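Quick note, the sequences are listed as chains A and B, same order.
Going by the working numbering, the first residue of the first sequence is number 1, and it counts up by one from there.
Going by the working numbering, the first residue of the second sequence is number 235, and it counts up by one from there.
These are calculated hints, taken from the structure and not from any lab test.
The reader is advised that the hints may include incorrect statements.
As the list claims (entries may be wrong) - Footprint (simulated), chain A over chain B, 3 or more residues, beta carbon under 8 Å: (1) 395-405; (2) 444-458.
To be verified - Think about it this way: if two alpha-carbon atoms lie no more than 20 Å apart in a straight line, the pair counts; the simulated DMTMM-like pairs of lysine to aspartate or glutamate are: (3) A:K178 <-> A:D207; (4) A:K198 <-> A:D182; (5) A:K92 <-> A:D123; (6) A:K72 <-> B:E529; (7) A:K97 <-> B:D465; (8) A:K71 <-> B:E467; (9) A:K92 <-> B:D310; (10) A:K92 <-> B:D465; (11) A:K72 <-> A:E58; (12) A:K198 <-> A:D219; (13) A:K178 <-> A:D115; (14) A:K71 <-> A:E119; (15) A:K72 <-> A:E163; (16) A:K92 <-> A:E163; (17) A:K111 <-> A:D123; (18) A:K72 <-> A:D154; (19) A:K92 <-> B:E464; (20) A:K64 <-> A:E163; (21) A:K107 <-> A:E163; (22) A:K178 <-> A:E163; (23) A:K71 <-> B:E464; (24) A:K178 <-> A:D123; (25) A:K71 <-> A:D123; (26) A:K72 <-> B:E581; (27) A:K64 <-> A:E8; (28) A:K178 <-> A:E208; (29) A:K60 <-> A:E86; (30) A:K107 <-> A:D123; (31) A:K97 <-> A:E119; (32) A:K92 <-> B:E581; (33) A:K92 <-> B:E529; (34) A:K72 <-> A:E119; (35) A:K97 <-> B:E379; (36) A:K92 <-> B:E379; (37) A:K71 <-> B:D310.
Computed from a prediction, not measured in an experiment: that's the story for all the values here.
C-beta: ideal position from N, C-alpha, C; glycine also.
Single-letter residue listing:
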Amino acid sequence: MTSLLQIENIHTFIGQFHILEGVSVDVPQGNITVLLGRNGAGKTTTLKSVMGITPPREGKVIYKGEVLNGKKTHHIARMGIGYVPEHRAIFKTLTVKENLEMAAREKNDLKNSLDLIFELFPDLKRLIDLRGGNLSGGQQQMLSIARALVPENDLLLIDEPSEGLAPVIIEDMMRAIKRLSDHKTVLLVEQNFHVASKLADSYVIVDEGHSVHTGTMADLRNDKALVKRFLGVA
Amino acid sequence: MENLIREIGVPLGRFFGRTTATGAIALLFAIILGVAFVASQGNMSTFSITILSGLLRAALLFLVAAGLSLIFGLMDILNFAQGAYFMIGAYLAYDFQHPANGVIRIGEAIPDPNLRFLVGVILAVVVGGILGVILERGLLRPLYERPLFQLVLTFGVSIIMLEFIKLIWGTTPYAWTVPITIQTTQFEIFGQGFSAYRLFIIVMGIALMIGVALLLRNTRIGITIRAGVEDAEMVTALGINVRAVFTLVFTLGCALASFGGAVAAPFLGATPSLGATYLLASIAVIVLGGLGSYEGTAIGSIIVGLAWATMEQFSLFSNIGTVWSSITPMLMLALVLLARPNGLFGEER
Chain A
1 MTSLLQIENI
11 HTFIGQFHIL
21 EGVSVDVPQG
31 NITVLLGRNG
41 AGKTTTLKSV
51 MGITPPREGK
61 VIYKGEVLNG
71 KKTHHIARMG
81 IGYVPEHRAI
91 FKTLTVKENL
101 EMAAREKNDL
111 KNSLDLIFEL
121 FPDLKRLIDL
131 RGGNLSGGQQ
141 QMLSIARALV
151 PENDLLLIDE
161 PSEGLAPVII
171 EDMMRAIKRL
181 SDHKTVLLVE
191 QNFHVASKLA
201 DSYVIVDEGH
211 SVHTGTMADL
221 RNDKALVKRF
231 LGVA
Chain B
235 MENLIREIGV
245 PLGRFFGRTT
255 ATGAIALLFA
265 IILGVAFVAS
275 QGNMSTFSIT
285 ILSGLLRAAL
295 LFLVAAGLSL
305 IFGLMDILNF
315 AQGAYFMIGA
325 YLAYDFQHPA
335 NGVIRIGEAI
345 PDPNLRFLVG
355 VILAVVVGGI
365 LGVILERGLL
375 RPLYERPLFQ
385 LVLTFGVSII
395 MLEFIKLIWG
405 TTPYAWTVPI
415 TIQTTQFEIF
425 GQGFSAYRLF
435 IIVMGIALMI
445 GVALLLRNTR
455 IGITIRAGVE
465 DAEMVTALGI
475 NVRAVFTLVF
485 TLGCALASFG
495 GAVAAPFLGA
505 TPSLGATYLL
515 ASIAVIVLGG
525 LGSYEGTAIG
535 SIIVGLAWAT
545 MEQFSLFSNI
555 GTVWSSITPM
565 LMLALVLLAR
575 PNGLFGEER
């Protein structure tokens with residue numbers, strides 16, 4: 001399968017700290033690829049390195065055949081990459097509609113994307129005029145993902161979508177992510193192994209700043225020893 | 235003194251702390267209007283003139299504080315040079331209007347004083363904007379990751395601008411001697427005259443407060459600025475060049491301050507101390523209103539402006555000396571912060 005995104009042996013520093021010490025990830029088009037690993041392994045920094053928020057000092061990030069290194073974050077986003085950060089980062093003083101409008105790059109982006117957004121997250125329709133700060137955690141997460149669907153992004157980087165959500169909301173979120181993967185390629189960061197195993201097609205395990213294992217999710221589900229060693233899940 | 239502050243401040247703080255921002259604002263207005271009425275000895279014409287003078291101060295404060303607040307909210311930069319832009323606006327408008335006394339003397343080409351003033355104001359806005367772009371793009375941009383350096387830099391720039399002004403125009407204050415027609419027009423309120431030009435500045439200030447609020451609420455750039463105030467990194471990740479938005483807001487903020495100085499020059503004149511006076515009062519306004527809050531800045535301007543004029547009237551009435559009126563902005567700030575440490579509309583930062 002063709003790769004939409006290739007991360008090749010990147011090294012990223014935050015200040016003087018060497019956070020990523022060689023991470024490689026291949027994201028095939030149309031797939032959900034998940035980055036797994038313990039807290040502080042470097043998963044979020046990997047997504048931020050792709051977006052140019054914490055640009056890598058070494059290695060390459062290639063999207064649709066084009067090297068992203070050296071490009072500004074807003075240029076990278078405009079190449080068709082949607083970013084759903086950890087803790088949602090919705091604009092709390094803006095309404096749901098204004099949050100979505102913020103993501104539009106072309107005049108008709110919002111109009112063209114609303115059907116899909118309301119199909120995936122029907123609750124957002126009735127909340128459209130409410131301020132972001134008044135939404136529940138689950139609703140904020142929906143809005144954060146919906147925002148990445150407004151422009152015509154081909155790749156979505158989604159960081160910890162299940163974090164802090166009730167189990168019933170996590171189920172809804174999983175259904176929505178599975179459904180949106182019909183249209184988009186997804187690179188997901190997820191700590192919850194059960195969520196990741198149900199959603200993803202392939203995985204990369206990141207440990208102490210290194211990518212240490214990669215393969216299909218079906219293989220990982222059967223490799224209990226590997227799961228226990230790197231993810232601490234029995 | 236410390237005990238006095240504690241005795242008054244702590245119970246006041248407990249009371250205010252329990253009230254909403256709206257309640258605190260209503261209470262402050264009630265206190266200010268009450269003191270203004272007492273200081274006017276019940277004389278309605280004096281009272282009205284005091285309130286109008288307060289609103290005039292509020293309009294001028296808003297022109298400096300709005301830029302200061304938006305720049306701080308969006309970029310986390312406290313632009314200490316904002317007062318210097320106000321002062322430059324005043325000097326440019328003065329010089330353009332008084333070619334005979336001026337240094338640059340380019341106003342000579344326009345004989346009509348009204349048209350000359352209008353062109354002088356436009357010139358001040360353009361120069362303020364250009365100097366704003368130079369400061370943001372040329373000097374501040376390399377220091378975005380170093381907040382302390384930015385603070386020192388803007389402070390240094392304000393001193394350099396002040397020294398340049400002294401070099402060009404000297405240290406003697408200039409009084410406005412070539413009036414525009416609207417300045418000489420008076421209207422009567424309870425039998426006392428008030429300049430139509432001052433009323434025009436009040437109306438324009440209020441119109442600008444509403445106009446900027448509408449811009450922030452209803453336009454794409456306004457929504458982007460509000461979003462940027464909350465989370466500039468996320469705005470960038472959505473594909474928006476937030477640095478360009480920074481430049482735009484910084485430029486507009488400086489141009490607005492310069493505009494404020496230009497329109498204030500007909501009654502404040504042009505003096506080297508103008509910048510520092512309005513900068514300090516504007517810092518009090520934005521902290522009192524709540525850092526980064528536009529509503530806070532607009533309402534804070536009105537509160538400080540009214541309190542300032544009220545204290546001037548109170549000084550006359552009670553013979554306590556003019557020093558009290560000049561420290562009024564800081565007194566108001568201390569009063570509000572005792573009760574609401576994040577200002578009227580501020581969030582914990």
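For each hint, the structure was consulted:
Counting residues of the segment 395-405 of chain B whose beta carbon lies closer than 8 Å to any beta carbon of chain A gives 0, which falls below the threshold of three, so the coverage claim is violated. Given a C-beta distance limit of less than 8 Å, the hint that chain A covers the segment 444-458 of chain B holds, as 3 residues qualify and 3 suffice. For the given pair, K178 (chain A) sits about 26 Å from D207 (chain A) by alpha-carbon distance, which is inconsistent with the 20 Å threshold. Using a Cα cut-off of 20 Å, the hinted pair K198 (chain A) and D182 (chain A) holds, with the two alpha carbons roughly 15 Å apart.
Of the supplied pair hints, the one linking K92 (chain A) and D123 (chain A) holds, its CA atoms being roughly 17 Å apart against a limit of 20 Å. This hinted pair does not check out: K72 (chain A) and E529 (chain B) have alpha carbons roughly 33 Å apart, beyond 20 Å. With a C-alpha separation of about 17 Å, the suggested pairing of K97 (chain A) with D465 (chain B) holds against the 20 Å cut-off. For the suggested pair K71 (chain A) and E467 (chain B), the alpha carbons sit about 15 Å apart, so the restraint of at most 20 Å is met.
For the proposed pair K92 (chain A) and D310 (chain B), the alpha carbon gap of about 18 Å is at most 20 Å, so the pair holds. Of the pairs offered as hints, the one joining K92 (chain A) and D465 (chain B) holds, with about 10 Å between alpha carbons and a cut-off of 20 Å not exceeded. Distance restraint check for K72 (chain A) and E58 (chain A): the Cα-Cα separation of roughly 16 Å lies within the 20 Å cut-off, and the hinted pair is therefore satisfied. Annotation: proposed proximity of K198 (chain A) to D219 (chain A) holds, straight-line Cα distance about 13 Å (limit 20 Å).
For a cut-off of 20 Å, the pair hint linking K178 (chain A) to D115 (chain A) stands: about 17 Å separates their Cα positions. For the proposed pair K71 (chain A) and E119 (chain A), the alpha carbon gap of about 34 Å is over 20 Å, so the pair is violated. For the suggested pair K72 (chain A) and E163 (chain A), the alpha carbons sit about 28 Å apart, so the restraint of at most 20 Å is broken. A distance of roughly 18 Å separates the Cα atoms of K92 (chain A) and E163 (chain A); the hinted pair therefore holds under the 20 Å criterion.
With a CA separation close to 17 Å, the supplied pair K111 (chain A) and D123 (chain A) stays within the 20 Å bound. The suggested pairing of K72 (chain A) with D154 (chain A) holds, with an alpha-carbon distance near 18 Å, which does not exceed 20 Å. Note on K92 (chain A) and E464 (chain B): the hinted pairing holds, with a Cα-Cα distance of about 8 Å set against a maximum of 20 Å. With a CA separation close to 30 Å, the supplied pair K64 (chain A) and E163 (chain A) exceeds the 20 Å bound.
Of the pairs offered as hints, the one joining K107 (chain A) and E163 (chain A) is violated, with about 33 Å between alpha carbons and a cut-off of 20 Å exceeded. Pair hint K178 (chain A) plus E163 (chain A) holds up; C-alpha atoms about 17 Å apart against a cutoff of 20 Å. The hinted pair formed by K71 (chain A) and E464 (chain B) fails the criterion: a straight-line CA distance of about 24 Å is larger than 20 Å. With a C-alpha separation of about 18 Å, the suggested pairing of K178 (chain A) with D123 (chain A) holds against the 20 Å cut-off.
At most 20 Å may separate the alpha-carbon atoms for a hinted pair to count; K71 (chain A) and D123 (chain A) exceed this at roughly 36 Å. Distance hint between K72 (chain A) and E581 (chain B) is unfulfilled; the C-alpha atoms sit about 30 Å from each other, more than 20 Å. A threshold of 20 Å between alpha carbons decides the hint, and for K64 (chain A) with E8 (chain A) the separation of about 14 Å falls inside it, so the pair holds. A C-alpha spacing of about 29 Å is found between K178 (chain A) and E208 (chain A), which places the hinted pair above 20 Å, so the restraint is violated.
Between K60 (chain A) and E86 (chain A) the CA atoms are separated by roughly 23 Å; this puts the pair beyond 20 Å, and the hint is violated. Under the criterion of a C-alpha separation no larger than 20 Å, the hint pairing K107 (chain A) with D123 (chain A) is inconsistent with the structure, at around 24 Å. Using a Cα cut-off of 20 Å, the hinted pair K97 (chain A) and E119 (chain A) holds, with the two alpha carbons roughly 16 Å apart. Distance hint between K92 (chain A) and E581 (chain B) is fulfilled; the C-alpha atoms sit about 12 Å from each other, no more than 20 Å.
For the proposed pair K92 (chain A) and E529 (chain B), the alpha carbon gap of about 16 Å is at most 20 Å, so the pair holds. For the suggested pair K72 (chain A) and E119 (chain A), the alpha carbons sit about 33 Å apart, so the restraint of at most 20 Å is broken. Taking the CA atoms of K97 (chain A) and E379 (chain B), the gap is about 32 Å. The hint is violated against a cut of 20 Å. The hinted pair formed by K92 (chain A) and E379 (chain B) fails the criterion: a straight-line CA distance of about 25 Å is larger than 20 Å.
Restraint check: the Cα-Cα separation between K71 (chain A) and D310 (chain B) comes to about 24 Å, which exceeds 20 Å; the hinted pair is violated.
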